[in-house]
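Colleague: Letter by letter, the chains look like this.
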Amino acid sequence: SAVISQKPSRDICQRGTSLTIQCQVDSQVTMMFWYRQQPGQSLTLIATANQGSEATYESGFVIDKFPISRPNLTFSTLTVSNMSPEDSSIYLCSVEMGTSGRDDSQETQYFGPGTRLLVL
Amino acid sequence: QKEVEQNSGPLSVPEGAIASLNCTYSDRGSQSFFWYRQYSGKSPELIMFIYSNGDKEDGRFTAQLNKASQYVSLLIRDSQPSDSATYLCAVIKGNNNDMRFGAGTRLTVKP
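Read top to bottom, the protein sequences are chains W and X.
Heads up, the first sequence is in our numbering, so the first residue is 1 and it goes up one at a time.
Heads up, the second sequence is in our numbering, so the first residue is 121 and it goes up one at a time.
If you are wondering where the hints come from, they were derived from the structure by calculation, not from laboratory data.
Beta carbons are placed, not taken as given, at the ideal position from N, Cα and C, and that holds for glycine.
Careful, some of the hints might be misleading.
[As the list claims (entries may be wrong)] Covered stretches of chain X, going by a simulated chain W footprint (3 or more residues, C-beta under 8 Å):
1. 150 to 162
2. 165 to 173
3. 221 to 231
[Unchecked claim] Which chain X residues stay away from chain W? Per the calculated CB distances, all over 10 Å, these:
4. Glu135
5. Ser202
6. Ser204
[Claimed, not checked] Here are the computed lysine to any residue pairs in the SDA-like style, where the Cα-Cα straight-line distance is at most 20 Å:
7. X/Lys213 <-> W/Arg15
8. X/Lys213 <-> W/Met97
9. X/Lys213 <-> W/Asn50
10. X/Lys122 <-> W/Gln41
Kindly produce the complete structure, drawing on both the sequences and the hints.
Modeller: Pasting the structure below:
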C-alpha cells in the first residue's frame, strides 16, 4: 500500500469561493482518482488524474467546476470552484497500486484520509 | 439498474456470530471484486479482493464470488464490536481499471 496525505483535512468556506485540495503520495503512481462522498452516501468518482495528460471527468462533473492538476507522479490537486452549499461533502483522493506481500497481487485503490468541506 | 448493488442495512449481529454481506453487479465483463471497510469519519480501507469463482479466506474474512450469478459476498466469522462499520463492495469493469462502488452496508456488532 502507500502513505497518502491530503490537505486540508477540513475547511469551512463561503459560498462563491474556491478551495484547492492537495493529495500527496509517498511513492510514484500512474493513476490517481478523486471521489466525492456525501453524508451517508457511497463514493462517487469525479475524475481520473493521470500524469502527463488531461484529467478524465465522469458524467456530471466538468473541468470548469473541478479543475485538476497532476504535475508529477506523487501529487495532484482538485479545486472546487465557485462553491455552493451543495458542494459540502468529503473529498477523497485515491491511488492505484498493487496489493503488496501477496502471491495473488491485484491492482486496487488506496484512499487518502479525505477532506471534509462545509460550504456556508 | 445500479452497477453495484448492496443492501444498505443496517445489519445487526451479536458478537461471535457470522455476518454475511452481499453484493450484486450488473456488468458481466467485471473481472475483479473488492471489499472495503469504512469506519465512521474515516476513509475506506481494503479488506479483501477476489477474482476467481469460489471462496477466498483471510483470517476471519471469507470472500465468495459467483460470476454466473453476478454475486459476491463477504462473511465475517466471530464478529467483534470493532467490526462495526460500513462495508463497501467495489467492482473493476473490464481492463480499464474503472472501479465502481456500491452504496455500502452498515454493520453493527452488538456485544
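Colleague: Taking the hints in turn, state whether each one holds.
Modeller: Hints, verified against the model:
no.: 1; hint: 150 to 162; verdict: holds (count 3)
no.: 2; hint: 165 to 173; verdict: holds (count 4)
no.: 3; hint: 221 to 231; verdict: holds (count 4)
no.: 4; hint: Glu135; verdict: holds, 25 Å
no.: 5; hint: Ser202; verdict: holds, 19 Å
no.: 6; hint: Ser204; verdict: holds, 16 Å
no.: 7; hint: X/Lys213 <-> W/Arg15; verdict: violated, 37 Å
no.: 8; hint: X/Lys213 <-> W/Met97; verdict: holds, 17 Å
no.: 9; hint: X/Lys213 <-> W/Asn50; verdict: holds, 18 Å
no.: 10; hint: X/Lys122 <-> W/Gln41; verdict: holds, 14 Å
Figure legend: structure checked against the earlier numbered hints; the only hint not met is number 7.
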